[in-house]
Amino acid sequence: MTNLNMAKALNAALRSSLADDPKVLLMGEDIGTLGGVFRVSDGLAKEFGAHRVIDTPISESAIVGTAIGLALRGYRPVCEIQFDGFVYPAFDQIVAHLAKLRGRSGGRLRVPVTIRIPFGGGIKAIEHHSESNEAYFAHTAGLRVVVCSSPGSAYDMLRAAIASDDPVIFYEPKRLYWDKEEVDLAHAPLASVLDAAVVLRAGTDATIVTYGPTTRVALAAANIAQQEGRSLEVIDLRSLSPIDIDLVNASVRKTGRAVVLHEAPTFLGLGAEVAAQISHDCFYSLQAPVQRVGGYNLPYPHSGVEDEYLPDVDRLLDAVDRTFEE
Amino acid sequence: MTNLNMAKALNAALRSSLADDPKVLLMGEDIGTLGGVFRVSDGLAKEFGAHRVIDTPISESAIVGTAIGLALRGYRPVCEIQFDGFVYPAFDQIVAHLAKLRGRSGGRLRVPVTIRIPFGGGIKAIEHHSESNEAYFAHTAGLRVVVCSSPGSAYDMLRAAIASDDPVIFYEPKRLYWDKEEVDLAHAPLASVLDAAVVLRAGTDATIVTYGPTTRVALAAANIAQQEGRSLEVIDLRSLSPIDIDLVNASVRKTGRAVVLHEAPTFLGLGAEVAAQISHDCFYSLQAPVQRVGGYNLPYPHSGVEDEYLPDVDRLLDAVDRTFEE
Amino acid sequence: MAPDVATTTPDVDAPFSVMGADGHLLVPDTTDFGEPLDVLTRRLYRDMALARRFDQEAFALQRQGELALWLLCTGQEAAQAGSIRAIRDTDFVFPSYREHTAAIARGVTVAEMLPLWRGTAQSSWSPSDYRFNIYTLVLGTQMLHAVGYAMGVRLDGSDEIVMVYVGDGAMSEGDSSEALNWAATMQAPILFMAQNNGWAISTPNAKQFKAPLHTRARGFGLDSYLVDGNDALAVHLTVREAAARVRAGGAPAFVEAITYRIGGHSTSDDPSRYRDDAELQSWIARDPIARLRRCMELEGLADDAFFDRVAAEAETLAAEIRSVCVALDPVPLSSLFRNTFVTETLALQREREEHEEFQGSFE
Amino acid sequence: MAPDVATTTPDVDAPFSVMGADGHLLVPDTTDFGEPLDVLTRRLYRDMALARRFDQEAFALQRQGELALWLLCTGQEAAQAGSIRAIRDTDFVFPSYREHTAAIARGVTVAEMLPLWRGTAQSSWSPSDYRFNIYTLVLGTQMLHAVGYAMGVRLDGSDEIVMVYVGDGAMSEGDSSEALNWAATMQAPILFMAQNNGWAISTPNAKQFKAPLHTRARGFGLDSYLVDGNDALAVHLTVREAAARVRAGGAPAFVEAITYRIGGHSTSDDPSRYRDDAELQSWIARDPIARLRRCMELEGLADDAFFDRVAAEAETLAAEIRSVCVALDPVPLSSLFRNTFVTETLALQREREEHEEFQGSFE
Ligand SMILES: Cc1ncc(C[n+]2csc(CCOP(=O)(O)OP(=O)(O)O)c2C)c(N)n1
Ligand SMILES: Cc1ncc(C[n+]2csc(CCOP(=O)(O)OP(=O)(O)O)c2C)c(N)n1
Ligand SMILES: [Mg+2]
Ligand SMILES: [Mg+2]
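Protein chains in written order, with the working numbering: chain A, 1 to 326; chain B, 1001 to 1326; chain C, 2001 to 2363; chain D, 3001 to 3363.
Calculated from the structure, these hints are not laboratory results. We treat Cβ as the ideally placed atom computed from N, Cα and C, and that holds for glycine. You may find that some hints are simply not true.
What the hints assert, rightly or not - Taking beta-carbon pairs under 10 Å as the criterion, some of the chain B residues facing chain C (in silico):
| # | residue |
| --- | --- |
| 1 | E1029 |
| 2 | G1032 |
| 3 | F1086 |
| 4 | A1202 |
| 5 | T1204 |
| 6 | D1205 |
| 7 | D1314 |
Said to hold, decoys possible - Ranges between beta-carbon positions, derived for each pair:
| # | chain 1 | residue 1 | chain 2 | residue 2 | range |
| --- | --- | --- | --- | --- | --- |
| 8 | D | H3024 | C | E2279 | 55 to 63 Å |
| 9 | B | A1250 | A | K254 | 28 to 36 Å |
| 10 | D | G3157 | C | L2026 | 45 to 53 Å |
| 11 | C | R2273 | B | F1283 | 52 to 60 Å |
| 12 | C | E2356 | A | E47 | 47 to 55 Å |
| 13 | C | E2279 | B | M1001 | 53 to 61 Å |
| 14 | C | G2034 | D | A3206 | 30 to 38 Å |
| 15 | B | A1196 | C | R2273 | 36 to 44 Å |
| 16 | A | E47 | D | Q3064 | 31 to 39 Å |
| 17 | A | G107 | B | R1322 | 29 to 37 Å |
| 18 | B | F1324 | C | E2356 | 21 to 29 Å |
| 19 | A | H51 | C | Q2349 | 35 to 43 Å |
As the list claims (entries may be wrong) - Covered by chain C, per the in silico footprint, the following chain B stretches (three or more residues, Cβ under 8 Å):
| # | stretch |
| --- | --- |
| 20 | 1008-1022 |
| 21 | 1114-1128 |
Excised from the complex, chain A in its bound form:
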């Protein structure tokens, strides 16, 4: 076990993947010499060479488009999009090509491309640098979309994503980059970590379903609720497409109450799907309407008000309260 922050755990996952499989390549803006703006690929260009850790021109569409071509040639590219708000120029290559190529080819082609996206707010960044756009990709058939939430999950999930033969959109919550934890770097890549949600904290009175940056918010809220005598179960979805609804349903059938929490705007955010599925599947177990807590339905604001914009412990607990009202 090694004590690492999340950025370093991701770095370790990239290093292991590069070492294990000569077909793995990293591509992105400033990922080589600089090691990436968050230093996630720090040292890797030196270790594996500029031909495997490629500093690219500033063209997100080309990063993904050429990664597709490299994948067709037998490579396993891992692309970095520098910030969440800069993935949109690559949108066509992702949704019209990366997501569809396997189906379009009748299963003859595989495109094992991983796209890493540092995402979310809470780091006082300038505009376009704090977005939560996971719902776009989760709505896109043919993509796997996952979000890590700790150094350990980051290591295991990134290893699995790179080893996956399907395209994976891999979200890294920026505000968790500096969180530390003991990580077992001996783990081999395990496909199942890309599918399974995890109960981060067991509870009996209400279920909080969340992922990525807001797992911390949920855990903090659960602590406070505990002191007030309320036992919250916290589920980390990890995979946003597909979602591990069985685990979620089992929890909600037990607790009878659910709140879905994320940073993204609620309107057609992941919470809409989760709430719709829970409301459907647990219709006869729910004691109260499923609540959704998320960013407001606004473009991400200037950082001076982001603490008000982002769902926090207070807003989450308020929503939990609402499931007990009436």
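Chains B, C and D with the ligands: place on chain A using the hints.
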């Protein structure tokens, strides 16, 4: 009143808008000399000149990007994206700029751009020509997203969209282009038609919430259900962002049952939001879980199986039945 | 003193030709075509004649409702045959969507070519079988896939090159420019084969760009060539030369072939709405197949028996096209559930089972 | 005979300069700068000196935690002052995000410039007040907005032109190429002002493109200019000439100014990870402000009193920056609800009211 098919009604709306406001411009691929691949802009280049009905190079990002610039200069551009599947190259300009510019500018700038997108399946088209990607834009704060469903609604809504000072994504169901109806071309643009859902058929036993191409499916199903003694209320949402949830809720509180229907894949499709809102707001009125019927969670298939892929009367009625089971 | 100004001068290059309009050779007898001229011209002629017949039959099938759509390559056969035959069979090719001549030359079968257009599948051949990727309908995007593939070729230290087809209209997409820039910057062993057929649906070159395409490519640092696209031999010589330079480690190449889309954009298109009949007629007079045939006859490269044999082969192909086409059934929806991911997800499996059960309830 | 091949030759143009390294004029006395040289150089010097001081103060404020981020334009003042002062005040300008010198020259106030970087708003000036758009952080995208605006100018029959700033790295985005192509094809009255400062964060020109940027622009059909970007007078003459041609109905212009990003990418950047100190030092030696001052002194265009006055003015500005900055409060979230649409939607109104109520519950 004039009897027109939907393509001609849209043509009339464009003509009226061009005639009324010299700042209105049309831009798109093949919209001028050819009149558009669906002939929606037929004759308008001749009538208003190539400087107002602009045949553009094939660059969707530039179509939207320059439209933004034209809007900043005081114009009111109406862009055509030739087919649903070709809007993705413009995604960045739409979600990062068009949607956000007003907010980013502190309300100082307005960008009255309308983006027309012929969309959806059912016309035996080749790949990338049958997509329902409305959820991407509906999830994007700062955009209005609307869908017409008949010649009359097409005329009124397109007029209102062009007159709106906000950006509007305007979806035109391709398979309805040739549907005819009496249209009142004397209607002045009315902003409220961009907000309000409409009850297409009143009923008492269950509510079908739908829009665009599947309104016909819903009405056909309601006819059949009627014969079986079941009265379905059919709501045409028309606006997908924002949604007129009050009208929907009023209906569901009355009927106690709801099915949301659209062509797009269900996972994070519009139905997720509508179902989540209904499940929340009508928690104590619902007799059964809200059902969702949509395209399967696959990339749109080859046309030989599209009839199986698209939700039809059978699948809808099956879902209605499920709301009566238990 | 005025500042240094570099005004763009209109490009005055004339496209490179090998045959005159009447088919006579404009180049010396000693020109190296890489193989005997009779062998080469016969191969090219056959490719082109078969493709033309394919087009005619597919067009007819569309009109009879057996195909949903067909995009003709009629008029562009020389640009395609001349190029695909000038690279090695082991060189990987990324077509756009109109490269039927090239596909046939690579051996893609009738049964593999028709499903996309009949709506029975989205693609049917395995790219690795022919080193020829499936068609791409989203304009310009295949340029980036091709550059990526070529980056892989270079990483592998292979002496393959990659060829990618693109149309004049598609060159306006941002992806196309990014591809040119990346190819040059990454030193990718790639040859861009642009078929400038004058039109992008109804949009003529003049509304698509101001400076010629080959000029643009040069501006990105590519080696750039302008060739008469209705002259199969000129295309062949140019691509051979360009491919050799790329293979030898030169800059990526961009070949602009000037040709014409005689057939209109697609079976859904009505080109009379936007183009002159006179223009069409002038290009019909420059038909690349007739031109090559005149050359072969003039130079004694083939006799009537050869042309008769090819004609007969084309008729056989036409019959095959028809019989194969009407027998094509759609790939079932259930296989899409299975093919969307390498391993079907639990969610899709459940959806598929529901779907199959629901479909089954009607049987 | 070999086919016609046009191999790209490396561009050997030297950037146009007006001043030598030591500041002496390289052009004849008779050169027409459009106004007396003392007037022009004093204006440019003042713009540049104020901008430099702005940068220093903002940098300090960031280090003290009063700004979240600052992107310095240090080193690029000549490219910006020389260009913004060479067009008319009525010409609309689209900046990228590092055009502080240009912004100051246009009159944007301190209170309007700082909020974006302090995080108290996303933009604060009204573009119409200064004919200077708000900053755009998504690379290359403003190029298309500018082309669209210029299309509007042309439709209006106005004799304005549009100028848009772009960096060397941003030129790799597909949008940038689409903008060049559209500008040429639409005959838009626009001048692209590219500041090639050698780096895009850690990425040097060599990893960004193969052929020089001005060559690329020429390939799209633009008139293209290469200028010494650390020579305010050379930039000024070049842009003046280019703007006049555009205004007269010429092709759109592309000016590539070779300069250097002395300050690093941003206050978050650590340029020592990727660039040589020797390179930095060589550019510090070519500081555009010192160079212009030497010229002014050599040519007797200003005396010490002038330089002292500007220095004093810069100090006043610095004090203002500090006091304005610390007093800036965030625009409240509630105004975002109101400003997302021209008329707040019912859904947003409800959400805002809930938000306000919830916030109120803590007060
Ligand atoms: C991104 C995108 N936008 C629009 C279209 C619609 N479309 C299909 S073909 C075509 C014209 C293409 O012209 P060109 O590249 O010259 O190829 P050609 O058809 O002449 O072979 C257009 C606009 C598309 N397929 N993809
Ligand atoms: C679409 C997009 N991708 C990536 C970024 C992140 N980014 C910000 S500045 C920058 C470098 C830009 O370099 P250049 O255009 O040369 O401008 P400079 O910073 O040198 O002035 C990058 C990669 C961005 N802002 N937008
Ligand atoms: Mg063409
Ligand atoms: Mg730069």
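Going through the hints against the structure:
1. E1029: Status holds, d = 7 Å.
2. G1032: It holds, given that the least Cβ distance between B/G1032 and chain C is near 8 Å, below 10 Å.
3. F1086: For B/F1086, the interface hint holds, since the closest Cβ of chain C sits about 7 Å away, which is under 10 Å.
4. A1202: With a closest approach of 29 Å, the B/A1202 hint is violated.
5. T1204: 27 Å, violated
6. D1205: 22 Å, violated
7. D1314: With a closest approach of 8 Å, the B/D1314 hint holds.
8. D/H3024 <-> C/E2279: 55 to 63 Å: 60 Å, holds
9. B/A1250 <-> A/K254: 28 to 36 Å: Since B/A1250 and A/K254 have Cβ atoms about 34 Å apart, the given range 28 to 36 Å holds.
10. D/G3157 <-> C/L2026: 45 to 53 Å: 49 Å, holds
11. C/R2273 <-> B/F1283: 52 to 60 Å: 56 Å, holds
12. C/E2356 <-> A/E47: 47 to 55 Å: 50 Å, holds
13. C/E2279 <-> B/M1001: 53 to 61 Å: For B/M1001 against C/E2279, whose Cβ atoms are near 43 Å apart, the range 53 to 61 Å is violated.
14. C/G2034 <-> D/A3206: 30 to 38 Å: 36 Å, holds
15. B/A1196 <-> C/R2273: 36 to 44 Å: 38 Å, holds
16. A/E47 <-> D/Q3064: 31 to 39 Å: 37 Å, holds
17. A/G107 <-> B/R1322: 29 to 37 Å: 32 Å, holds
18. B/F1324 <-> C/E2356: 21 to 29 Å: Once the Cβ atoms are compared, 24 Å apart, the range 21 to 29 Å for C/E2356 and B/F1324 holds.
19. A/H51 <-> C/Q2349: 35 to 43 Å: 40 Å, holds
20. 1008-1022: violated (count 0)
21. 1114-1128: holds (count 5)
Hint compliance for this structure: hints 4, 5, 6, 13, 20 are not met, and every other hint is.
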